[in-house]
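Chemist: Each chain, written out:
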Amino acid sequence: MGRVVITGAGTINPLGVDVAQTYDALKNGRCGIGPLDIRDADRLSIQIGAQVGDYDETAHFNRQQIALYDRFTQFTLLAARQAIAQSELTFAGALADQSGVILGTSGGGLTTQDENYRVVYEDGKNRVHPFIVPKLMNNAAVSQVSMEFNLRGPSFTVATACASSNHAMGQAFNMVRSGMAKAMLTGGSEAMLCFGGIKAWEGLRVMSRDACRPFSATRNGMVQGEGAGVFVFEDYDHAKARGADILCEVAGFAMSSDASDIVMPSKQGAARAIAGALKDAQIAPEQVGYINAHGTGTGANDKTECAAVADVFGAHADRLMISSTKSMHGHLIGGTGAVELLACIMALRDGVIAPTIGYEEPDPECALDVVPNEARQASVDVTLSNAFAFGGLNAVIALRKA
Amino acid sequence: MTTKDTVIVILAEQAMLEPSDVALDNTLDDLGIDSMALVETIFAIEEAFDISVPFNANNPEDSGFDISSVASIIAAVDQLKAAQT
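First to last, the sequence lines map onto chains A and B.
FYI, our numbering numbers position 222 of the first sequence as 222, with every residue one higher than the one before it.
FYI, our numbering numbers position 46 of the second sequence as 46, with every residue one higher than the one before it.
Mixed in with the good hints, there may be bad ones.
Claimed, not checked - One side of the interface only, derived from the structure: several residues of chain B facing chain A at Cβ under 10 Å:
(1) Gln14
(2) Met16
(3) Leu17
(4) Asp21
(5) Val22
(6) Glu46
(7) Glu47
(8) Ala57
(9) Leu80
To be verified - Straight-line Cα separation of at most 35 Å, DSBU-like style, residue types lysine-lysine; simulated pairs:
(10) Lys401/A <-> Lys267/A
(11) Lys81/B <-> Lys125/A
(12) Lys4/B <-> Lys125/A
Since the hints were derived computationally from the structure, they do not count as laboratory data.
Idealized CB from N, CA, C, for every residue including glycine.
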């Protein structure tokens, strides 16, 4: 089987409008969570979120495009443009036919649905804009990226709630590794910070009203975010032959299903995915220097995740670093694994481990080095990124220094 | 605005032209209005005149709404206005 490398990265998220701004925020422990600026926020009991601030769609897209691009598609395209520009790839001829797009999202065009349900139910209108369907469908972002960049190979959308991006990137990885594709655009996007999107999450009673404090004994829930992360996964020989700048290697991937509960996480399911990624990458546990945790800041996730890491790594669990950057950018749901992969790449490339901010008090059930509050300089060779979704679907990616 | 002026503004916006560049004998093809832009045009006409346009994108020619030229669209809108008020 071939080797797979990352040759481009792009993002727009609550911490920045590109990778450089995001790294800067991660290194400085800057928080992107704040008061929600959306319609009818006064009717929400949860009034905080991590929004992409000062976003003006008309600065990036014309009227015709806006009629077809939901916010999650817009975020995807902006991130994809950056990733492809960095990779310096042009998709034409055979390369176009052998390259595709696999992206994760959970809500897809939820904002479009929300706005138009409002139009017909609340405003009582009997007519909606003709492009609602092509705008809201979960594969809209994948298709628009494929059209903008002429990616004509395997392309589809993955929806596995909070693990969507990791599952998508795992698929892309295996397609390139197996020779099915030469290059894949992959990652994910989410934009569900609209009234209905937040109202639905409120119902579960898992949301914090003040902050996301993963692993802290004082944690009281998750905070939703929005944005996108997109990467170019490329066949190693192909990248090497054209002299591409290789950001890192995608070393392994594994997934598992808890097959137990629709919302409660399982230590065994998480541990099987983590151990599986190490095995797939042929990496010994001791080689792992940093894990970007799923770390939602809920009571259940964080203690279960720490127990799973302790099980897989044994004594090494106390030596590795594990942080949750959701404390800064919030939980991007279907897009979260993509943005969090940036923290893993930053650790490998820049030797800086992003912190878990908002950490107040140790929790004996989360007794690992969670890099509290301040970033840390450290040279690491291998990083993992965890994602454990509602529905018990787990996906873990392993990256290695190029 | 008259029916004519309003329809021309709608078509011009879809065609990304100035209203003064839209002639009564232009066809949708002349204006570069494709099938996607056509359904947006129909929607905009319905919104602007508060009428329901009998338009089926599967076979636009048999819809009972004559889209063969700018002039025919204006005439069809006037007919619908008269019939639906």
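Chemist: Please go over all the hints and tell whether each is borne out by the structure.
Modeler: Do the hints match the structure? See the list:
no.	hint	result
1	Gln14	9 Å, holds
2	Met16	8 Å, holds
3	Leu17	13 Å, violated
4	Asp21	18 Å, violated
5	Val22	17 Å, violated
6	Glu46	6 Å, holds
7	Glu47	7 Å, holds
8	Ala57	8 Å, holds
9	Leu80	14 Å, violated
10	Lys401/A <-> Lys267/A	28 Å, holds
11	Lys81/B <-> Lys125/A	19 Å, holds
12	Lys4/B <-> Lys125/A	25 Å, holds
Taken one by one, the earlier hints fail for this structure at numbers 3, 4, 5 and 9, listed in ascending order.
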